[in-house]
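Given only the sequences and the hints, what does the whole structure look like? Please build it.
What follows is the residue order along each chain.
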Amino acid sequence: MEVTVAHLKRGEKAIIVDVSSINIPLKLLEMGCLPGNEVELVQLAPFSDPMYLKINGTHLAIRKETAIHIIIEITNE
Amino acid sequence: MSKQINVALIGNPNTGKTSVFNALTGLNQKVGNYPGITVEKKEGICKLPRGVKAHIIDLPGTYSLNASSLDENVVIELLLNKNDKDFPDVAVVVSDVENLKRNLLLFTQIKDLEIPTILVINMADRMKYKGISLDIPYLEAELNTKIAIVSTRKKEGIDNLKELISNFKELSITPCLSASEIDKEYFDNLRKAFPNQLLYKLWLVITQDVNFGKTDRNVIDAVADFKTKTKADLKKLQQKETIKRYQFINNTLKKGQNIDLSTAKDLRIRLDRILTHKVWGYVIFLFILLTIFQAIYDWSAIPMDFIDSAFASLSEWTKNALPEGALTSLLAEGIIPGLGGIVIFIPQIAFLFLFISVLEESGYMSRVVFLMDRGMRRFGLSGKSVVPLISGTACAIPAIMATRNIESWKERLITILVTPFTTCSARLPVYLIIISLVIPEGRFLGLGYQALTLMLLYLIGFASALISAMILNKVLKIKSKSFFVVEMPNYKLPLIKNVALTVVEKTKSFVFGAGKIILAISIVLWFLASYGPGDQFNNAEEIVTEKFASDNLTEDELQQEIASQKLEYSFIGLAGRAIEPAIRPLGYDWKIGIAIVSSFAAREVFVGTLATIYSVGSDDEDTIKNRMAGEVNPILGGPLFNFASGISLMLFYAFAMQCMSTLAVVKRETNSWKWPILQLVLMSAFAYVVALIAYQILI
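Chains as they are written, first to last, in my numbering: chain A, 1432 to 1508; chain B, -3 to 695.
Calculated directly from the structure, the hints in this document are not laboratory data. Heads up, a few of these hints could be off.
[What the hints assert, rightly or not] Computed list of lysine-lysine pairs in PhoX-like fashion (alpha-carbon distance at most 20 Å, straight line):
no. : chain 1 : residue 1 : chain 2 : residue 2
1   : A       : K1440     : B       : K274
2   : A       : K1485     : B       : K126
3   : A       : K1485     : B       : K274
4   : B       : K231      : B       : K180
[Stated by the list, open to error] Covered by chain B, according to a simulated footprint, are these stretches of chain A (three or more residues, beta-carbon under 8 Å):
no. : segment
5   : 1432 to 1445
6   : 1476 to 1486
Note that CB positions come from ideal geometry on N, CA and C, so glycine has one too.
See the structure below:
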């Protein structure tokens, strides 16, 4: 099974491996959600949705339904 | 001779673009609308060195030139239309030092349009705190631009920026990178087809769904035929373009920017741990709301009492100082009480705008969006609907415009439809005066009964918005893809200047906008109340004198009886009594009926209308509130404004759709009359039923 942003735990960091361009709005890509960039889970709202992330230095929140389309590799340092 | 140059301020949201605009223009600014649409257009004048004047436009915030909302369209429309009178001689891209990487994406796009561009790096005061250092000469060389390091908070760097703007002719217009790299074959063909056009401009015309200026029409039509790629392919290319731009930016920043994480202190992490916490986040949010309502009530009590009595004395003074006649009476009984009915609410409205603008400026509003999204989705809304619903407590018009950043059309439409339920500042006058008449003063747990009632009315507003959203969500059959992306900006201490300008601007537009309607309505009302047809009005004195001939009334009492006879048979009295059967079951008399009818223009007219009706014919120096308290129910006896009729009236105002301007905005934003008419009919019918039930139960 592919690991996605939706699998991140609080404080965990990962590298974005792939984003499915059909399911991800261009706006999110422009904010830095691109392969190779780092993503960190900052905070979760109740029921783990939405997710408060730090991507490429930008802090933003997205819904879980979008997060499952961002494929990552957890880097655990 | 001094000449004027056009300057466009462009930047991502939350970069302090508006602070830069305020610093450049000060009070020399005006807020209008772009023709035909409701996007706010902010422009101002700035004096530059050597007698040059700059006309500065503060364009809506955008993350890129790939527009996805009405506000963002404005940016790209202007930048692509050389014939627009506002087309910038120089573009100033405002960026935030902490998010330079992302901010530069927009910068490189604007550079590719070959417009002279200055890069402002704002919030420089945070650099040391964040351990950031920049190699400015290197960045200037790599980006082919001039950089102004600015701190609007510390008021630093603005003069340098003015200097750079005035020397705009020396700026390089060489692009940072070439868009054609992403698909050589496609772009080569494009260049062959349009040898005289800018390649990146053509690319934007192809990919954007925007209304461009008329003059470039033939090119645009020709380009439309050139669409040799499918939408999905174009989107892939756009994605490729974005990656290319970030590669360039990352390479540039690798050398030009150094971040020493060991010296970086992060307040936001600690604040976010509490403010976005699963439990504490909500507790704090509720606490903030409570504080705001209590403050609006307590802080404005003194100035409001002062304004109320000042207008009463002004009216009295006018009557005595000017020669008797129709004009004096129009002034003293029509215009002054009518205006008093609006001026009195300035303190509360100003406080409300103050709190909302502090919440927005500090970055807290985004946390609320994050906290509320999940819950709001259950009602068919988005977390972003919270912003319209909260700013709807000031006015539904800007609130409805604030729905534009909601990505899903269905969520946006529902937000637009339910926002008028939130308690806007125009309802406040009605609530306040009725609360002060029918709710006792005491305190409960430190909160006044009156403040609690007001809070309850706000809660009713929110609750009915949510419940109707839930119903609409079930009823409306609209399929739309929903994306939710919200930036969580840094916490900032709000700049006093920004907050003050917002409060002044919004209060002014509220007072003048409403003031015009109220002035017109009070003149009409005064006329209708001062004249009437038939014997009962024209011979009122004789009829009344005869009627009470045996009662031995004093002169004063007799005059009072004559005045009320006249009012009853004036045009307005006749009209009011015609509608009275419809509103009597709700506990109202015909005077309130008139006030309700005129309120359909705008709710805040209510108090002014009653003030005008009551002051015609009475000549004692009294406040509106005392006059209302003295009104007697003609059928049941006892005060007309009692607990039952007061509650019924407040509930009517809570639900009824009484605002022409809101209906007009809904029409513009939804592009259809269907939705505003639906709002008007359903909300008002519901209001009538609820008010009826409430009165019948309580009486």
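### Query
Under a C-beta cut-off of less than 8 Å, do 3 or more residues of the segment 1432 to 1445 of chain A approach chain B closely enough to confirm the stated coverage?
violated (count 0)
#### Entry: Straight-line alpha-carbon gap K1485/A to K274/B, limit 20 Å
Holds - the C-alpha atoms of K274/B and K1485/A are around 19 Å apart, at most 20 Å.
### Message
Checking one constraint from the list: CA of K1440/A to CA of K274/B, max 20 Å. Satisfied?
### Response
15 Å, holds
### Message
Run the distance test for K231/B versus K180/B: straight-line Cα separation, threshold 20 Å.
### Response
16 Å, holds
### Task
Between the segment 1476 to 1486 of chain A and chain B, see if three or more residues pass the 8 Å beta-carbon test, and mark the coverage as holds or violated.
Contact hint for the segment 1476 to 1486 of chain A vs chain B: holds, 6 residues under 8 Å.
### Query
For the pair supplied as a hint, K1485/A and K126/B, is the alpha-carbon distance within the 20 Å limit?
Within the cut-off at roughly 16 Å; holds.
Hint compliance for this structure: hint 5 is the single one not met.
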